[in-house]
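Make the full structure from the sequences, and use the hints.
Number of protein chains: 2
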Amino acid sequence: MGLALLDAASVQGGKVLVFPVDGSHWINMNLLIEGLHTRGHEVTVVRTSTSWYIKEQSPHYQSVTITLSEAMNMEKQDFFVHMLAKVLTLQKEGASIITFVSFYRQMLTMLSSIHHQACQVAEKMFEDKALMQSLRDAQYDMVLMDPGLPIGVLLAHELKLPTVFNVRWITSGEGHFVVAPSPASYVPTSGCAVTDKMTFLQRVKNMFHFLLNIAIDNLVVSPHYNRLVEKYLEPGTNFYQLLQGAHIWLMRVDFVFEFPRPTMPNIIYIGGFQCKPAKPLPADLEEFVESSGEHGVILMSLGSLVKGLPVEITNQIATAFAQLPQKVIWRLPGEPPSTLGNNTMLVKWMPQNDLLGHPKLRMFVAHGGTNGIYEAIYHGVPIVGLPLLFDQFENILRLEVRGAAKGVDVTKLTSQNFVETLQEVLHNPSYRDNMKRMSALHRDKPMHPLETALFWMEFVIRNKGAAHLRTESYKLPWYSYHSLDIMCLLLAVLFLLVAVVVLLMYCLCFKLCRRKDKLE
Amino acid sequence: MGLALLDAASVQGGKVLVFPVDGSHWINMNLLIEGLHTRGHEVTVVRTSTSWYIKEQSPHYQSVTITLSEAMNMEKQDFFVHMLAKVLTLQKEGASIITFVSFYRQMLTMLSSIHHQACQVAEKMFEDKALMQSLRDAQYDMVLMDPGLPIGVLLAHELKLPTVFNVRWITSGEGHFVVAPSPASYVPTSGCAVTDKMTFLQRVKNMFHFLLNIAIDNLVVSPHYNRLVEKYLEPGTNFYQLLQGAHIWLMRVDFVFEFPRPTMPNIIYIGGFQCKPAKPLPADLEEFVESSGEHGVILMSLGSLVKGLPVEITNQIATAFAQLPQKVIWRLPGEPPSTLGNNTMLVKWMPQNDLLGHPKLRMFVAHGGTNGIYEAIYHGVPIVGLPLLFDQFENILRLEVRGAAKGVDVTKLTSQNFVETLQEVLHNPSYRDNMKRMSALHRDKPMHPLETALFWMEFVIRNKGAAHLRTESYKLPWYSYHSLDIMCLLLAVLFLLVAVVVLLMYCLCFKLCRRKDKLE
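Sequences listed follow chains D and V, in order. Here full-length UniProt numbering is used: position 129 in the first sequence is 129, and no number is missing along the way. Here full-length UniProt numbering is used: position 366 in the second sequence is 366, and no number is missing along the way.
Treat the hints as calculated values from the structure; they're not laboratory data. Check each hint, because a few of them may be wrong.
EDC-like cross-link-like pairs, simulated, lysine to aspartate or glutamate; straight-line CA separation at most 20 Å [to be verified]: (1) V/Lys475 - V/Glu458; (2) D/Lys231 - D/Asp128; (3) D/Lys197 - V/Glu472; (4) D/Lys445 - V/Asp444; (5) V/Lys445 - D/Asp485; (6) V/Lys464 - D/Glu451; (7) V/Lys205 - D/Asp128; (8) D/Lys205 - V/Glu472; (9) D/Lys475 - V/Asp196; (10) V/Lys475 - D/Asp409; (11) V/Lys360 - V/Asp284.
Here it is, written out as structure tokens:
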């Protein structure tokens, strides 16, 4: 088994150029880079001087740093802190249409400025003749990239390299529109918290989000890249076609968690590729966990982006935890709540995967980012969800409809309703059973998703791409793709036939009448 | 690697009920059955008393035999012999519309009678209370079936068992419509020999075949099964939903050969699952093959269904072969041609896979059935195609556009043009190079397709199905699936808005005019 089918030995020393996206996206990308490095490939990462997470030095990769002004980056970091506060206020107080539209406008402006900055990076690269020549000389085998900020496709096109995406449906605009048919009737659009079983009104809402996403993509995102394509690439090149021309989409999705939907032969599912068995805990943590006895331990973390909730909410959460017989480990970057119980340990960082895999673990209180969710699925730990931003609401919803989680509305959270939710998930065995079932299905695979990801990246290196898995769909204009031109032809023919028949009948009647007139 | 992720040991002794289709379909199904048997599962095959290929006794399975009258089967066997002769005559002489329509009517009548016979088998089973009880008592884990004659879905529904299909897009009606979105703009419809890059006229033709197939399915095929569903299953059950409700589709497709197209999470690709390394040849064959020296050997076979070509064609072929320095091994069930050269060996049967894998093999002259094509791809042997019936034309076309084969129109075949084609494929290295490239891509897989098939069948046994991979699409009415109801709503709202605006403007004008009138 394994690579038994393959005649040639596995590829030796491929060279990979990586265009990552900073923040939580980098955590995933870095895992793939480590994997490539371990398998003997040489990785070069394109980063900016203002990167938060992506370090210049690493044992796993070399880097190319593009210098940007600090100002932009600060603006972005501040934005996320303010954004959460604003979202919570809006949700709590209910927004007037004016407040909402103004907030939405700010979001879109920010989105536009993030893409603008990405394009500045690409522009600096295209303008730096020495850098471009050195990239050409390096003779890379492929470009690995996060299409969240898809400048990599422009550079890959210029360097004539096949692209591999590390992605989760959402790309610049929408993976939905970009790569596979996505009927809005049962495929939830990103940003729209519905399931794959929708009522009529939910389908209307989903269609609205579908059209809205197309509009945002065409009006806010694509123009930045179209400008670059026009400036630096040969005439006739189309930004969308570059995106759609990716050879392999490594999709961080497992249908145990996501709703099943149409897909494509060049989409490879690697959901849960970060999951691995738990390692033993550090002594102090192990002691704390063991001290929980039969009641076990609850873990709480709200991920890497959010620095902290408002203090009135953390106090309510702490009060709720204090009422439970379980021990609680809470990753809290901010100030300790005043109502903290002595069953609760606050930490700035924790070995999350090792804790989730500990037999004493009973429940995970999480914001609903996908990394944490896949770890919880892998270890079969039910979740109480506190979704805050972005896709977190949709993620928790997916677990809820599978009976493996219960979400809490942070803006309505009280110690009372929170403790009730915690107790329900702790004591109703269905949550744990459903999560265990999901865990079993998720683990029941011919090979580990990380191995799958590495196999397909090496496939692209070995075979200089995977174009034979890519459909012809994206080369068609939209009206041809949907066969609208043919429908028009058929309608025209039909119309012509009807017209001819009507005309003939009219002539016939006319003649008959005339004859009748004559006879009379 | 391997099953490393899986906690539980592999399943022990699953019980599988199989509904196969006779003829060449059985060759494929039997391989899966052998695989299941080897892995320790117990297989029961439902066959009829008139089966050609499916034996009652086998070391790999038990069987349940449904008694049918011999008459029907004879009629079917004769039909294929006559059909080929008729098709060749029609193609050669050119058909008048009347001849063509009459032939097409015969084909549809035959299609209908085949499905009718399948339904008789199902009916006999449903009526046989003892048999049904014994099937219930046997407590099978799943139904493995060929949806070409989809009675298995009715029985599986009755027995409350998950279904696994062994299939190649075409099902009762069309896999295209049944399981995944299939835009007719770049997905060739079965029966329509076009590629995934179509001109406008080809797209019109493809759309015509698309609609024709829907019509045939709704008017000729489905009514048989709908009748059974109404008679034996609970009210509200829908035949199409039973088909679409299959848990896993084992698709005998590799996109090295087929055009890439939208797919679904529960479609597992096992194209080439029958391929395996060549074994040494019997001594006499090996001697003949070695005697070819540097020129090598050509293999010719037209598959299992066709008993023989008209004698004038076989004479032309033999004359052509006689002009070549290569040795030829020709599987010919009928009379030896009078023009046979002494470089040509006629055989009634041959170890095709072992010959295709022999280093002396230069070329495969084949009718273009998929089994032979996948073996040729696996071993990297270029093909000269003599397509005769069914999907063979489309199959050869797929190889032609990849530069790995050249097709010959049997009705226009002369020794002269045939020898020219043979020589072109022998001497132009691009055919062999392209086939070698396809072979390398086909073999570059994480696991052998047969292992993949077995893994997913055992997945269904282990997990009592794979419903989490099946989309919700098939539960929607067609107008909801395509969001036509929502489009209507949007249009209605738009119309209303326009109407209100027009009305308001009209009132305003009216008022203004009246005021003007008064002022004057």
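Quick rundown of the hints versus the structure:
1. V/Lys475 - V/Glu458: Between V/Lys475 and V/Glu458 the Cα gap is close to 27 Å, so the pair fails against 20 Å, i.e. violated.
2. D/Lys231 - D/Asp128: 14 Å, holds
3. D/Lys197 - V/Glu472: The given pair, whose Cα atoms are some 7 Å apart, holds under the 20 Å limit.
4. D/Lys445 - V/Asp444: 19 Å, holds
5. V/Lys445 - D/Asp485: Violated. V/Lys445 to D/Asp485 sits at ~39 Å, over the 20 Å cutoff.
6. V/Lys464 - D/Glu451: 26 Å, violated
7. V/Lys205 - D/Asp128: Outside the cut-off at roughly 51 Å; violated.
8. D/Lys205 - V/Glu472: 18 Å, holds
9. D/Lys475 - V/Asp196: 11 Å, holds
10. V/Lys475 - D/Asp409: Cα-Cα ~32 Å, so violated.
11. V/Lys360 - V/Asp284: Distance ~15 Å between V/Lys360 and V/Asp284 Cα, so the pair holds.
Against the hints set out earlier in the document, violations occur for numbers 1, 5, 6, 7, 10.
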